[in-house]
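So the sequences go chain by chain: D and S. The first sequence: position 168 = 168 (the UniProt record's numbering), numbered continuously. The second sequence: position 51 = 51 (the UniProt record's numbering), numbered continuously.
Simulated from the structure, these hints should not be mistaken for lab results. You may find that some hints are simply not true.
Just so you know, same-sequence chains aren't split out, so a pair can sit in one copy or run between any two.
DSS-like cross-link-like pairs, simulated, lysine-lysine; straight-line CA separation at most 27 Å [said to hold, decoys possible]: (1) K163 <-> K63; (2) K125 <-> K24; (3) K116 <-> K30; (4) K126 <-> K161; (5) K36 <-> K106; (6) K187 <-> K30; (7) K46 <-> K83; (8) K108 <-> K70; (9) K163 <-> K106; (10) K106 <-> K88; (11) K83 <-> K70; (12) K106 <-> K63; (13) K63 <-> K88; (14) K46 <-> K116; (15) K187 <-> K63.
Source: prediction; values computed, not measured.
There are 2 protein chains.
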Amino acid sequence: MAKVAEVIPQGVQYEFIAEDLSNKSHLLLKYNPVHKMIPVLLHNGKSICESLVIIEYIDETWKGAPILPKDPYERAKARFWAKFMDDKCLLPLCNSYWTQGEEQEKAKEEASEVLKILDSELKDKKFFGGDTIGLADIAANFIGHWFSITQEVIGVEVLTKEKYPKLCEWIDEFVNCNIIMENLHPKDELVASFQARLQAATAPK
Amino acid sequence: MAKVAEVIPQGVQYEFIAEDLSNKSHLLLKYNPVHKMIPVLLHNGKSICESLVIIEYIDETWKGAPILPKDPYERAKARFWAKFMDDKCLLPLCNSYWTQGEEQEKAKEEASEVLKILDSELKDKKFFGGDTIGLADIAANFIGHWFSITQEVIGVEVLTKEKYPKLCEWIDEFVNCNIIMENLHPKDELVASFQARLQAATAPK
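Okay, chain D solo, but in the shape it has when bound (with noise of 0.2 Å):
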């Protein structure tokens, strides 16, 4: 699930390099000194770190699909909603779903707070980005790929279609779109990751 990619600007084709966290490689270390973290991008023997700021420099430097709209509203809407899945939406929903008893009930409150902000955003929208996917809906990935598959092998339900009918239809839009599909993680591996995780968490110390 980790990656530093070397890009080559035909169509875009990279090359994905997994990477283990446990025992970070000097590449990772070399390119991402602040964070040592993943996802990095390589390109032209420069490195570019952060998720979004990734994205935008992919729309930037090939502009066959644009990501981004053009309009400078439009793109301020984009980026507010993409920084919002970042910093309100991941921590909360990980916690919903990986911690017990207090901690749990609390990240669920939040979750349920932010997830109730997603579904009226979306109202009669498709996609975040409108009638197609742009920067929040990649943004929201973790919600729309990873945390559906968590939920589904860990039995913790916070995403449902009763609380959250628009962002559960945008969740299977996101999930059925051709590019999104040819581009996910494979289901298989991430739940076999889940579940080792879960056995991991689960497991008498």
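Model the placement of chain S on the given structure of chain D, informed by the hints.
Below, chain S alone, put in the same frame as chain D:
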């Protein structure tokens, strides 16, 4: 220090609307319903929220004095460092000054780590943006302006020339740059505000 601004596209002129965060206005709740926080930029009846999103909007809407460079890689670097200021520097610096005891010591250690990184990033550059002020410099305004004054008022030394010579040179360059000086919040008002906050924090309860 709060603002909800109405921008008039002449120059760029704007109206500054102060906001009392202890009694939030209908205007703020209407235009930033998600975070209910400042800053908010109003333009043509539309609202743009989140500091860095606002700066990019200004850059894309009024093209007179570019804030971001043209080259995609340089733009990525500017965005990376601006995000670093927001995500990694603001909270530890704030807590270095405004907490006490163990919490303060921990915050000072964290602040020291990020300030070292900033000092090293500046190397032989005048600004984070190179020869001119850019996105990351504006994002670091709280270091150049706010925290150097906080330090004076409350007498806790975190930013010192001995430890961070390049960063302190940057502070001098930044606060004495015409375009910044003309737009800084007046020092005496900040001093008064910080003194009041200090008195409230140290008053017997």
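Results for each hint:
1. K163 <-> K63: neither (38 Å within a copy, 44 Å between copies)
2. K125 <-> K24: neither (41 Å within a copy, 30 Å between copies)
3. K116 <-> K30: between (40 Å within a copy, 18 Å between copies)
4. K126 <-> K161: within (16 Å within a copy, 54 Å between copies)
5. K36 <-> K106: between (30 Å within a copy, 21 Å between copies)
6. K187 <-> K30: Neither: 31 Å inside a copy, 41 Å across copies.
7. K46 <-> K83: both (24 Å within a copy, 19 Å between copies)
8. K108 <-> K70: neither (36 Å within a copy, 43 Å between copies)
9. K163 <-> K106: within (18 Å within a copy, 40 Å between copies)
10. K106 <-> K88: Both, since 14 Å and 24 Å are each at most 27 Å.
11. K83 <-> K70: Answer is both: 19 Å inside a copy and 23 Å across each meet the 27 Å cutoff.
12. K106 <-> K63: neither (43 Å within a copy, 45 Å between copies)
13. K63 <-> K88: Neither: 30 Å inside a chain and 31 Å across chains, both beyond 27 Å.
14. K46 <-> K116: between (40 Å within a copy, 23 Å between copies)
15. K187 <-> K63: neither (30 Å within a copy, 45 Å between copies)
Taken one by one, the earlier hints fail for this structure at numbers 1, 2, 6, 8, 12, 13, 15, listed in ascending order.
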